[in-house]
Amino acid sequence: MRARELRADGLLLLTALIWGVAFVAQRVGMDHVGPMTFNGVRFALGALVLAPFALRRPTSGNPSGMSTKAALLGGLLAGLALFAGASFQQVGIMYTTAGNAGFITGLYVVFVPILGLLWKQRPTLGVWIGALLAAMGLYLLSITDGFTMSAGDLLVLVCAFCFAGHVLVIGWLAPKIPVLRLSVLQYACCAVFSFIAAAFTEEIRLADIAEAAIPILYGGLMSVGVAYTLQVVAQKDAPPAHASILLSLEGAFAALAGGLLLGETMTTRGITGCGLMLAGMLLAQLWPEQARKPAEASASV
1 MRARELRADG
11 LLLLTALIWG
21 VAFVAQRVGM
31 DHVGPMTFNG
41 VRFALGALVL
51 APFALRRPTS
61 GNPSGMSTKA
71 ALLGGLLAGL
81 ALFAGASFQQ
91 VGIMYTTAGN
101 AGFITGLYVV
111 FVPILGLLWK
121 QRPTLGVWIG
131 ALLAAMGLYL
141 LSITDGFTMS
151 AGDLLVLVCA
161 FCFAGHVLVI
171 GWLAPKIPVL
181 RLSVLQYACC
191 AVFSFIAAAF
201 TEEIRLADIA
211 EAAIPILYGG
221 LMSVGVAYTL
231 QVVAQKDAPP
241 AHASILLSLE
251 GAFAALAGGL
261 LLGETMTTRG
271 ITGCGLMLAG
281 MLLAQLWPEQ
291 ARKPAEASAS
301 V
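Here UniProt numbering is used: position 15 in the sequence shown is 15, and no number is missing along the way.
Mixed in with the good hints there might be a few duds.
[Claimed, not checked] With a straight-line cut-off of 20 angstroms between C-alpha atoms, the simulated SDA-like cross-links for lysine to any residue are:
hint : residue 1 : residue 2
1    : K120      : A54
2    : K69       : A51
3    : K236      : K69
4    : K176      : V232
[As the list claims (entries may be wrong)] Now the in silico label distances, taken between C-beta atoms and shown as ranges:
hint : residue 1 : residue 2 : range
5    : S150      : W128      : 21 to 31 angstroms
6    : L125      : L6        : 44 to 54 angstroms
7    : L286      : M94       : 16 to 26 angstroms
8    : A207      : R2        : 48 to 58 angstroms
9    : A207      : E5        : 28 to 38 angstroms
Simulated from the structure, these hints should not be mistaken for laboratory data. Quick caveat: nothing in here was measured; it's all calculated off a predicted structure. Beta carbons: idealized from backbone N, C-alpha and C, even for Gly.
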């Protein structure tokens, strides 16, 4: 393997580690501030960290000639989708473990191609098999003997659906808006929406934010700023299969960090469920695309 690929794989592994540990930071932060306040400050920091790079990066305008107004509306739409996912995740993580939240959130990679049916995108057989494995894993991880699911796990599952929708929105906007600028716009919009929600549902106090400074700084600077940058740099040289496998380890790192830093434990049944969910995620991403029919291939030339 080439040195550049090894370096890229190392950066992707570090990215997954940073994102996994972020679930611990999100749980600890809830000891001092409400979920909306946490997200508001976190994403505001993320936007501020990336803004200088977005402004300095030379561009010849929007890739598709999209107007500034349309770009702002796109950022608003992406920010709204991100706000929905982040809100359900942050509230849900108050009532579940970091490990559970990490693995359940990762199910968005299975939901993305399934939601793509709304755009007449046909999922591969691997997606359906992966979805079945993920559902079996979710059952083992979250469903009790009384066939009930904890409120936290259910909220994080809704968050995974929201993040799947967010991925589809980003996929639609990315060819039209420079990626870094789109990121800054969506983070800023998400921060504004979070602060508005916090104003109606929580008491925002600077003293509480100061108490939660370390987890908030980790969530904003490391999880958003540093990890995002590492991912962008690494995926220039990493084969897609490597990126899929390494980034899918986020849930495993979340469970490991939860155990080491918060003393969380997981039953054998839960570990088996996580294994099935991870297998489902990887299968959905790595299953080869169906070969196009000759007529379709020639039509696209």
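To see whether the hints hold, each was checked on the structure:
| no. | hint | result |
| --- | --- | --- |
| 1 | K120 with A54 | violated (33 angstroms) |
| 2 | K69 with A51 | holds (18 angstroms) |
| 3 | K236 with K69 | violated (30 angstroms) |
| 4 | K176 with V232 | holds (18 angstroms) |
| 5 | S150 with W128: 21 to 31 angstroms | holds (27 angstroms) |
| 6 | L125 with L6: 44 to 54 angstroms | violated (32 angstroms) |
| 7 | L286 with M94: 16 to 26 angstroms | violated (34 angstroms) |
| 8 | A207 with R2: 48 to 58 angstroms | holds (51 angstroms) |
| 9 | A207 with E5: 28 to 38 angstroms | violated (48 angstroms) |
Hint violations for this structure: numbers 1, 3, 6, 7, 9, all remaining hints satisfied.
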